[in-house]
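Novice: Sequence:
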Amino acid sequence: MRILIVEDQESLAHTIARRLQEVGYSTDITFDGQEGLHFATSTSYDLIILDIMLPKIDGINLLKLIRLKGIQTPVLCLTAKDSIEDRVIGLDAGADDYLVKPFSFDELLARIRALLRRYAQTREPIIKVKDLVIDTNSHKVTRAGKLIELTSKEYSILEYLARNKGRVLTRSQIAEHVWNYDFEGTSNIVDVYIRYLRRKIDDGFPEKLIYTIRGVGYMLRDEK
Numbered sequence: 001m002r003i004l005i006v007e008d009q010e011s012l013a014h015t016i017a018r019r020l021q022e023v024g025y026s027t028d029i030t031f032d033g034q035e036g037l038h039f040a041t042s043t044s045y046d047l048i049i050l051d052i053m054l055p056k057i058d059g060i061n062l063l064k065l066i067r068l069k070g071i072q073t074p075v076l077c078l079t080a081k082d083s084i085e086d087r088v089i090g091l092d093a094g095a096d097d098y099l100v101k102p103f104s105f106d107e108l109l110a111r112i113r114a115l116l117r118r119y120a121q122t123r124e125p126i127i128k129v130k131d132l133v134i135d136t137n138s139h140k141v142t143r144a145g146k147l148i149e150l151t152s153k154e155y156s157i158l159e160y161l162a163r164n165k166g167r168v169l170t171r172s173q174i175a176e177h178v179w180n181y182d183f184e185g186t187s188n189i190v191d192v193y194i195r196y197l198r199r200k201i202d203d204g205f206p207e208k209l210i211y212t213i214r215g216v217g218y219m220l221r222d223e224k
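Heads up: the sequence shown at position 61 corresponds to 61 in the working numbering, and the numbers run straight through without jumps.
It is worth saying that the hints were derived from the structure and are not from the lab. Don't take each hint at face value.
Distance windows between CB atoms, simulated [stated by the list, open to error]:
{"no.": "1", "residue 1": "Ile213", "residue 2": "Arg117", "range": "30 to 36 Å"}
{"no.": "2", "residue 1": "Ser138", "residue 2": "Arg221", "range": "21 to 27 Å"}
{"no.": "3", "residue 1": "Arg113", "residue 2": "Phe205", "range": "30 to 36 Å"}
{"no.": "4", "residue 1": "Val192", "residue 2": "Ile89", "range": "43 to 49 Å"}
{"no.": "5", "residue 1": "Ile71", "residue 2": "Pro206", "range": "27 to 33 Å"}
{"no.": "6", "residue 1": "Pro206", "residue 2": "Lys128", "range": "16 to 22 Å"}
{"no.": "7", "residue 1": "Arg167", "residue 2": "Lys64", "range": "27 to 33 Å"}
{"no.": "8", "residue 1": "Asp202", "residue 2": "Ile84", "range": "53 to 59 Å"}
In silico lysine to aspartate or glutamate, DMTMM-like type, Cα no more than 25 Å apart, as pairs [unchecked claim]:
{"no.": "9", "residue 1": "Lys101", "residue 2": "Glu22"}
{"no.": "10", "residue 1": "Lys81", "residue 2": "Asp32"}
{"no.": "11", "residue 1": "Lys130", "residue 2": "Glu223"}
{"no.": "12", "residue 1": "Lys146", "residue 2": "Asp135"}
{"no.": "13", "residue 1": "Lys56", "residue 2": "Glu22"}
{"no.": "14", "residue 1": "Lys153", "residue 2": "Asp131"}
From a predicted model like this one, the values you see are computed outputs, not experimental measurements. By construction, the Cβ of each residue, glycine as well, lies at the ideal position given by its N, Cα and C atoms.
Build out the structure end to end from the sequences listed, making use of the hints.
Specialist: In structure tokens:
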């Protein structure tokens, strides 16, 4: 799961990112609305944490721009204002939830989990690629009825490939989706995890699903 944090208080942004990473989320941080718009419209996120009071483009106008571009990613707004009127303005602009500063991390995490569950219910929960079945609600993966145990990063890569089945994904696309923009492009970490996945997904099965597209990246093939 990849989360974008748009927060101009750098210490708070880094604290939120660090705590989210500790529980398994991948995070990107931006400190103003203009950069936040660039990140939100150029990368696929599972959730956006958005401060209302931002330089360059304020949070409300940023949210409106995101929604106008058809991006339906759930947005959790952070604000120092707790009036009903302010919340209504944010919700009308397209926010999915509101959290007033100061807040506890436990409450933030609970709100994130609730939003992700709600968003997941609007997407197809079961992905099938040949005899591979991925339950995105429980993160249960089977192939030909055999349960396959995956780590959180292995699962994230597999789900990303499966949601884009038949499409070639570059190493950078995979790394940026599963890790973040700090990914070092020369690293072979994606190749390492693909090898791990192949051992679990393809080894022992006559038909291989994970394909290498030389010089480009990887794809999960679903040809009939």
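Novice: Each of the hints needs a verdict: does it hold here or not?
Specialist: Outcome of the hint check:
no. : hint                           : verdict
1   : Ile213 with Arg117: 30 to 36 Å : 34 Å, holds
2   : Ser138 with Arg221: 21 to 27 Å : 25 Å, holds
3   : Arg113 with Phe205: 30 to 36 Å : 34 Å, holds
4   : Val192 with Ile89: 43 to 49 Å  : 47 Å, holds
5   : Ile71 with Pro206: 27 to 33 Å  : 41 Å, violated
6   : Pro206 with Lys128: 16 to 22 Å : 18 Å, holds
7   : Arg167 with Lys64: 27 to 33 Å  : 30 Å, holds
8   : Asp202 with Ile84: 53 to 59 Å  : 55 Å, holds
9   : Lys101 with Glu22              : 21 Å, holds
10  : Lys81 with Asp32               : 18 Å, holds
11  : Lys130 with Glu223             : 8 Å, holds
12  : Lys146 with Asp135             : 13 Å, holds
13  : Lys56 with Glu22               : 31 Å, violated
14  : Lys153 with Asp131             : 22 Å, holds
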